[in-house]
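Each residue of the sequence shown is one higher than the one before, starting from 4 at the first, in this note's numbering.
None of these hints come from the bench; they were simulated from the model.
Glycine included, every Cβ here is placed at the ideal spot set by N, Cα and C.
Incorrect hints may have been included.
Computed beta-carbon distance windows for the label pairs [claimed, not checked]:
#1 Gln157 to Ala39: 45 to 55 Å
#2 Gly23 to Ser224: 50 to 60 Å
#3 Ser14 to Ala39: 21 to 31 Å
#4 Phe20 to Glu160: 32 to 42 Å
#5 Thr203 to Arg182: 16 to 26 Å
#6 Ala140 to Ala226: 36 to 46 Å
#7 Gly76 to Gly139: 19 to 29 Å
#8 Thr203 to Thr95: 19 to 29 Å
#9 Glu160 to Thr42: 43 to 53 Å
#10 Gly139 to Thr42: 30 to 40 Å
#11 Val225 to Pro205: 34 to 44 Å
#12 Ser227 to Pro205: 17 to 27 Å
#13 Gly76 to Ala183: 42 to 52 Å
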Amino acid sequence: MKVQLRHSPASTVARCFLAGGEPMRVESGAMVAHSAGVTLQAKAEGGILAGLKRSMLAGESFFVSTFTAPPEGGWVDVAPALPGDMLNLQITQERPFFISRGGWIANSSGVQVEGKWGGFANLFGGEGGFGLRAHGAGEVVVGVFGAIDVIDLQPGEPITIDTGHVVAYDLAMNFTIRRAVSGRSIQSLKSGEGFVFDFTGPGRVLLQTRNPGAFAAWAGSVASSS
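Take these sequences, add in the hints, and give me the full structure.
Okay, here's the thing in structure tokens:
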């Protein structure tokens, strides 16, 4: 699978080019268009239990769409629900990634994507304790709210990131969770910040410049006051 991104960064669409007979997996509802002859099959990938784990715990759809190219090859356009950028993430056998809720859009056939516990860091950050583990060899297309920042940390290099802005990270990375403001909870309320990740390299972290949870809270407050 080869990925070509267009309309970046505010309204990115990923065109995934497939060889003859090549399949790809797509989040339900993420397909925008596809070339002639591409076939679609929707099922609970990995069975009913895996589908429930993916939908109830990882925040993704119960069903996964599998698109397969005809003998002459084809393409599938995919896009996230929220406005923002997309990234083609390279997955290798030695470098699996954790993908936060809502970030996964599609993947090539050589990659397995399954529900995974992401640690209390995600749970306390309000993003849900579960996400997706992407492992194998191939491509994963991720979508974000806003633009993408890619941070490559050197060995021993630290960084602090708000949990709502983390999209994906190397599973081999070391990280801890803490309140953004030390001391009593009232300090966090005053600052407007909640919990943050403290990552330590080596490894890669993907960020989104906008926080979906904060946007949802703002939209809810506007709707309730109108």
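Check each numbered hint from earlier against the structure, then list the numbers of those it violates in ascending order.
Hints 10 and 12 not satisfied by this model.
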